[in-house]
Amino acid sequence: MTEPAPGTIPSALPPAEALPEEELAGRFRERIRCFAIRRVRDTALAEDVAQETLRRVMDALRANRVENLAALPGFIFQTAQHICLQHHRSTGREDRALARLGRDPRPSGENDPLLGLISEDRCRAVRAALGRLPPDERELLELLYYRQEETAAVAERLGITPGALRVRKHRALQKLAALLDLRVV
Amino acid sequence: MSETTITCELVDQRDLDTRYLAGRLDEAEAEAFEAHYFGCDRCWGLVRQGQAVKAALAPPVVSAPRALPATRRSTPWLALAASLAVLAGGLQLWRVIGGRQRPEDTVRGPSDSLQLVVEFRGDTLLASWSRLPGATTYRTRFYSEDGVVLLERESAETSLVLPPGAQGRLVRETSLLMQVQALDDLRQLRGRSGQRPIARPPKI
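Chains as they are written, first to last, in my numbering: chain A, -17 to 167; chain B, -11 to 192.
Derived from the structure by calculation, the hints contain no laboratory data.
Positions of the beta carbon are idealized from the N, C-alpha and C atoms, including for glycine.
One or more hints might be untrue.
As the list claims (entries may be wrong) - Lysine to aspartate or glutamate pairs mimicking DMTMM-like chemistry, simulated, CA-CA at most 25 angstroms apart: (1) A:Lys157 - B:Asp3; (2) A:Lys157 - B:Glu(-3); (3) A:Lys157 - A:Glu102.
What the hints assert, rightly or not - So the derived label-pair ranges between C-beta atoms look like this: (4) A:Leu140 - B:Ser143: 54 to 64 angstroms; (5) B:Gly11 - A:Arg47: 33 to 43 angstroms; (6) A:Arg47 - B:Ser163: 37 to 47 angstroms; (7) B:Thr(-5) - A:Arg153: 14 to 24 angstroms; (8) A:Asp41 - B:Gly11: 28 to 38 angstroms; (9) B:Arg12 - A:Thr73: 21 to 31 angstroms; (10) B:Glu133 - A:Arg47: 50 to 60 angstroms.
Claimed, not checked - Some chain B residues close to chain A (C-beta under 8 angstroms, calculated; not the full set): (11) Leu9; (12) Leu13; (13) Ala16; (14) Glu22; (15) Gly27; (16) Trp32; (17) Arg36; (18) Ala40; (19) Ala46; (20) Phe108; (21) Asp134; (22) Gly135; (23) Val136; (24) Glu161; (25) Asp172.
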């Protein structure tokens, strides 16, 4: 599937009858996991948050508590936010109890938990696809995503404007998606 | 939620996708961007691709067992006391709010407290696990290698037999992960197994 051009209006949500549980999960589970892992910093807990969020949203849809389907992404976001907040309150109480006993709270999780969401199989496929990109595009993606340099700094290094860099970035990502046959949605 | 409204144009102008993945957005910006990508396939696609590139280029991590701090190892009763204090507080809160919070809201629980054995015999998947005191329901989940839940079942039994006709989306997968979660009668999570890999035997 090709990626929509930068700046295009996102595709509209399908109608309610086209949003059974599987469809809803396929569309939103990864977004919820990505959202959750930044907060709970644990892949298993992030999966639990995703499950619970989808369960509550499906309950709300079945009970006709979601009147405006265009607002469904916002409703899902707020539900996930609420569940993560409950998790924080729970761990906060535990940490405070440990602190009262003169102990440090539990150590924080992985340094970059987002990386835990990508399987090793997918990493291998992406590495192979990156290897088939032209060297300048591969270097650009490496500088932006792996070395995490700012756009302005990368543009200066490559002797182009930040605007031109963004165009090249989107072009490189589109090529990568085509090589991977990546579903964008 | 943050009041900042994010558009695709703003994502591009401020490089919100790359800065989000680099952890360089402040909390309000990050949250506003997350609220945006929940409803925007294009920007979610940027995040997803960026994540994949970042993970693919990162050096492989050799995981080692996570050791507990020495202070906790030497005084396990402290952690136990803290847990009991939290539990007591939680029970009190439960009484005060009169059950307004649904029991299923709890998402935490001890891991690896269930022993799970799972295998394919021919095309039939067989699994069994240890019983956990206090648990009345066992929720089994099957994941793809990407962590997507493909199938979920609940039962009071400590075993599961899935012939091909009952495997749903599992039949398309050759490599799977399975986890069992133990729930009590209030549907609180009491324990769970680790995620066990399952390989489907090759067809001859």
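query = Are there hints from earlier that the structure breaks, and if so, what are their numbers?
reply = 10, 12, 13, 20, 24, 25
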